[in-house]
Amino acid sequence: MTDRGKLAEKVRRALATDGLSDKMWASTSRSRGNRARAVQELGIDVGAMKESVRGLKARAMSDPDLPRKFAEKVEGNGGHVFFAKDGAEAIDYVAGLAKAHGAEVLAKSKSLTSEEIDFDHALEARGVRCVETDLGELIVQMAHERPVHLVMPAAHKSVADVASLVSQSLGKEVPEDPDAILKEVRAYLRPVFLSAKVGVTGANAGIAETGTVVIETNEGNGRLVSAAPDVHVVLIGTEKIVNSWEDAAEVVSAAALSATGQLTTVYVSAFTARSPMGGRSAGRELHVVILDNGRSKMKADGRYAGALDCIRCGACMNVCPTYSVVGGHTFGHIYPGPIGIPWTANVHGVDNAAFSDLCISCGLCKEACPADIDIPMMIAEVKQELVDLHGQPRANRFFAGSETLARLASATAPLSNWSLKPRAARLAMEKVFGVDRRRTLPAFSRRRLRSRLRGVDGGDGSSGKVVYFPDVYADYNDPELGVKAVKMLAALGYEVKVPKLKWSGMPYISYGEVRKAAKVAAYNVKALAGYVQDGYEVVSTEPTAAYMLRDAYLTLAPGEGSRLVAAHSHPFFEFVEPGLGRLNLAPSRGAGAELGFHIPCHDRALTGGGPAVRFLTAAGYKVDIVETGTCCGMGGTFGMKSGTMGYDLSNAVGERLFDLFRGSRCGLACTESSVCAAQIHDGTGLQVLHPLHLVDFSKR
Amino acid sequence: MASQYAEAFARAFESRSGTVSFAATREETSAALRGVARERRASLVAVAGIPAAVRETVIGALDGIEVIDVDRLGGALPKEAIAKADLSVTWAAHGVAREGVLMEATWDDAAKLASCLPLTNVVLVSGERFLPDFASAMREAGKMVAESPAPKPTISFIGGSSRTADIEGRLLYGVHGPHSVVALVLEWA
Numbered sequence: 001m002t003d004r005g006k007l008a009e010k011v012r013r014a015l016a017t018d019g020l021s022d023k024m025w026a027s028t029s030r031s032r033g034n035r036a037r038a039v040q041e042l043g044i045d046v047g048a049m050k051e052s053v054r055g056l057k058a059r060a061m062s063d064p065d066l067p068r069k070f071a072e073k074v075e076g077n078g079g080h081v082f083f084a085k086d087g088a089e090a091i092d093y094v095a096g097l098a099k100a101h102g103a104e105v106l107a108k109s110k111s112l113t114s115e116e117i118d119f120d121h122a123l124e125a126r127g128v129r130c131v132e133t134d135l136g137e138l139i140v141q142m143a144h145e146r147p148v149h150l151v152m153p154a155a156h157k158s159v160a161d162v163a164s165l166v167s168q169s170l171g172k173e174v175p176e177d178p179d180a181i182l183k184e185v186r187a188y189l190r191p192v193f194l195s196a197k198v199g200v201t202g203a204n205a206g207i208a209e210t211g212t213v214v215i216e217t218n219e220g221n222g223r224l225v226s227a228a229p230d231v232h233v234v235l236i237g238t239e240k241i242v243n244s245w246e247d248a249a250e251v252v253s254a255a256a257l258s259a260t261g262q263l264t265t266v267y268v269s270a271f272t273a274r275s276p277m278g279g280r281s282a283g284r285e286l287h288v289v290i291l292d293n294g295r296s297k298m299k300a301d302g303r304y305a306g307a308l309d310c311i312r313c314g315a316c317m318n319v320c321p322t323y324s325v326v327g328g329h330t331f332g333h334i335y336p337g338p339i340g341i342p343w344t345a346n347v348h349g350v351d352n353a354a355f356s357d358l359c360i361s362c363g364l365c366k367e368a369c370p371a372d373i374d375i376p377m378m379i380a381e382v383k384q385e386l387v388d389l390h391g392q393p394r395a396n397r398f399f400a401g402s403e404t405l406a407r408l409a410s411a412t413a414p415l416s417n418w419s420l421k422p423r424a425a426r427l428a429m430e431k432v433f434g435v436d437r438r439r440t441l442p443a444f445s446r447r448r449l450r451s452r453l454r455g456v457d458g459g460d461g462s463s464g465k466v467v468y469f470p471d472v473y474a475d476y477n478d479p480e481l482g483v484k485a486v487k488m489l490a491a492l493g494y495e496v497k498v499p500k501l502k503w504s505g506m507p508y509i510s511y512g513e514v515r516k517a518a519k520v521a522a523y524n525v526k527a528l529a530g531y532v533q534d535g536y537e538v539v540s541t542e543p544t545a546a547y548m549l550r551d552a553y554l555t556l557a558p559g560e561g562s563r564l565v566a567a568h569s570h571p572f573f574e575f576v577e578p579g580l581g582r583l584n585l586a587p588s589r590g591a592g593a594e595l596g597f598h599i600p601c602h603d604r605a606l607t608g609g610g611p612a613v614r615f616l617t618a619a620g621y622k623v624d625i626v627e628t629g630t631c632c633g634m635g636g637t638f639g640m641k642s643g644t645m646g647y648d649l650s651n652a653v654g655e656r657l658f659d660l661f662r663g664s665r666c667g668l669a670c671t672e673s674s675v676c677a678a679q680i681h682d683g684t685g686l687q688v689l690h691p692l693h694l695v696d697f698s699k700r
Numbered sequence: 001m002a003s004q005y006a007e008a009f010a011r012a013f014e015s016r017s018g019t020v021s022f023a024a025t026r027e028e029t030s031a032a033l034r035g036v037a038r039e040r041r042a043s044l045v046a047v048a049g050i051p052a053a054v055r056e057t058v059i060g061a062l063d064g065i066e067v068i069d070v071d072r073l074g075g076a077l078p079k080e081a082i083a084k085a086d087l088s089v090t091w092a093a094h095g096v097a098r099e100g101v102l103m104e105a106t107w108d109d110a111a112k113l114a115s116c117l118p119l120t121n122v123v124l125v126s127g128e129r130f131l132p133d134f135a136s137a138m139r140e141a142g143k144m145v146a147e148s149p150a151p152k153p154t155i156s157f158i159g160g161s162s163r164t165a166d167i168e169g170r171l172l173y174g175v176h177g178p179h180s181v182v183a184l185v186l187e188w189a
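Note that the protein sequences, when read in sequence, are chains A and B. Each residue of the first sequence is one higher than the last, beginning at 1 in the numbering used here. Each residue of the second sequence is one higher than the last, beginning at 1 in the numbering used here.
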């Protein structure tokens with residue numbers, strides 16, 4: 001079986017495992033909810049937080065001497081420092097310490113860096129037993145599994161699972177009651193804390209100015225592991241070292257908020273030197289193992305250096321739609337989730353990062369990341385590496401060429417539309433191209449947008465000048481949408497141009513064709529920058545296109561041109577909103593009709609759906625935002641692909657949203673994205689329309 | 001009269017599952033400590049890190065209950081002795097208003113264990129030692145560490161009871177450390 005075949009099989013098994021998706025979804029939804037509530041109730045400026053974390057990380061990364069400075073301070077305070085170039089060196093060092101101190105058992109608090117180097121198993125192989133003391137880590141250790149999530153290692157286990165594991169491990173019957181389990185675990189671990197000669201912790205930050213290590217826990221196990229044993233070993237990746245206490249404070253706050261919606265974890269410990277125990281200093285030692293393990297290589301590689309800014313909060317996992325239904329044992333190697341993809345590719349090898357196929361390019365991970373890491377683009381780069389190594393699967397090739405296909409289908413419509421209807425034709429398309437026969441495909445229009453615009457008033461320019469960017473859908477499938485957009489812009493006094501451009505190129509990113517995406521971006525940026533310099537603003541009705549222009553092109557086509565285009569590009573409703581007072585708006589579907597509104601992922605970072613909702617409300621609709629807090633599951637064309645790694649997984653994600661739509665009283669659904677519309681329609685049977693198709697307008 | 005910061009701290013700390021009491025006098029302090037000890041049926045209390053000006057009040061309040069004086073333990077096996085305590089009384093250098101956390105500074109890990117091991121931890125903090133937020137507390141902690149001669153202090157921020165949500169996301173208290181944490185704000189100290 002190929003690696004891709006193995007991944008599909010893992011996904012199939014995960015979706016079929018009783019209760020797994022529900023548990024993962026419940027866990028990630030809870031975390032999303034807690035974070036959103038905290039941000040709202042406490043008035044946290046997320047943008048400022050991101051900027052601050054990015055800034056402090058940039059300062060740290062720009063100083064190649066920072067790890068050495070940190071090490072010198074640790075040593076100046078009496079600690080020992082060992083620089084490990086890889087996991088084997090780190091393990092050798094700790095195994096040596098354990099032997100020197102006669103330690104057969106190590107008490108350990110949660111350390112993702114230790115997971116990265118398979119620390120526990122390697123130590124066990126040398127006769128040293130590591131006892132995980134974080135409850136979640138202990139549960140997965142008892143199950144001989146890996147953590148399913150960075151912050152919630154046992155999110156996939158039920159109370160019954162945990163009771164059974166604890167019963168087996170402790171050799172006594174423990175009831176299926178969380179309090180009873182907790183009592184047993186406390187009683188089991190207390191002697192471990194008190195008798196272990198060596199304790200191992202990770203670190204959330206290392207502070208170079210004083211040589212201080214900072215760790216965060218909610219359970220307090222980190223405090224015990226770092227205090228009770230005579231020897232304390234800290235395993236810290238080079239990327240965790242920051243300049244100052246102020247910087248560490250930012251990291252701690254951002255991690256707690258993003259992970260669980262807390263302002264800080266219950267315990268934040270900062271230790272600078274080994275303290276005596278009851279006045280006794282003899283035998284009390286602090287060892288800091290600073291691990292590279294591929295980090296220097298990452299830092300030197302422009303594509304992945306940003307991944308080193310990760311503060312391990314797990315927020316990217318909590319918003320990831322596919323992770324939320326399959327969990328980290330499928331969506332991960334050792335590092336799970338979206339950020340796990342670039343980390344895995346760099347520290348465990350790109351072939352182990354083949355789970356990148358589970359990324360459906362919704363972009364929510366970047367939005368959620370407190371360090372503003374461009375995770376989607378890094379994932380695209382990993383996919384490109386895998387395509388270069390192993391080739392592109394047939395269905396991905398088909399959908400990566402969507403624009404060419406659309407041009408062909410449009411040129412041959414209505415024949416192409418008719419040919420898509422018979423069951424035999426859909427079956428053949430599924431067999432040959434990998435297009436799922438159950439998916440409703442959009443019809444193509446013989447006359448494209450520019451042809452339809454002949455004779456349409458292009459506006460007098462009294463309010464300014466606009467380039468309308470239709471992307472594929474409003475050009476080939478629904479040019480009437482483009483016509484309405486142009487008419488509204490003209491009614492608002494804009495002179496509108498629809499120049500010949502390429503599509504936005506998003507599917508190239510989705511399917512790991514970054515070089516092709518960069519060519520498209522360069523072409524569009526060159527063309528659009530010229531218009532912008534002539535005073536035009538760029539407007540698109542497709543949220544993905546606006547996202548590409550405003551965000552992705554900055555990376556794909558770096559330079560002044562893309563910065564200019566990004567600064568002058570707008571999602572449609574954000575752009576027209578200030579002028580809506582100059583229009584009469586009326587609902588085309590009856591005043592007071594109730595609409596279920598879905599916010600497309602790519603619009604979340606841009607407008608959050610607000611301008612479109614206000615537009616519909618101003619026209620007289622009652623708008624009910626129907627949201628799960630993550631993607632609808634379609635992921636561009638991902639949900640059009642056949643089988644597990646397409647339609648099935650897409651639907652497994654979408655089911656949660658479909659349930660909400662079914663539970664709402666809305667007889668009509670609305671979204672700005674053409675592909676979200678297809679997903680919601682197929683999942684619920686509701687008619688789903690673009691806001692412009694729901695509103696009649698005229699000049700006041 | 002509690003400061004604005006102390007009051008903000010109390011609200012935030014209680015929202016994190018902690019309990020806050022204010023004591024305007026030594027007598028109120030004694031009464032509060034006796035009350036907690038009685039309520040928790042404490043038979044062995046670990047006392048650590050209490051400044052000299054307050055120490056007598058604390059020890060006096062616990063009259064009749066066996067006390068482990070952690071700062072003077074000195075000899076062998078202090079951690080096992082502390083582990084036997086069912087209540088501890090410790091000292092915080094600062095309270096932090098916005099986040100509702102206490103900042104503990106210890107120079108001996110036996111004192112740190114006093115706030116880690118017993119099921120109930122009473123943390124005393126001067127009413128005049130409150131800081132507005134975590135960022136300012138970290139700055140203060142950094143200054144304290146940088147300026148302190150060896151041995152450097154260990155700083156612990158404590159925001160309530162030891163807790164976990166690792167079993168189906170249910171919030172459970174007292175997994176390793178204290179099941180309950182009481183902040184006693186001394187307005188006289």
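Hints are computed from structural coordinates only; laboratory data are not their basis. There could be a bad hint or two in this list.
Distance condition first, Cα-Cα at most 27 Å in a straight line; then the derived DSS-like pairs of lysine-lysine [what the hints assert, rightly or not]: (1) B:84 x A:183; (2) A:172 x A:183; (3) B:143 x A:197; (4) A:699 x A:465; (5) B:143 x A:172; (6) A:699 x A:484; (7) A:69 x A:299; (8) A:484 x A:465; (9) A:699 x A:487; (10) A:197 x A:183; (11) A:465 x A:431; (12) A:622 x A:487; (13) A:516 x A:299; (14) B:143 x A:69; (15) A:50 x B:84.
Which numbered hints turn out to be false for this structure?
Of the numbered hints given earlier, those the structure breaks are 3, 5, 11, 15, listed in rising order.
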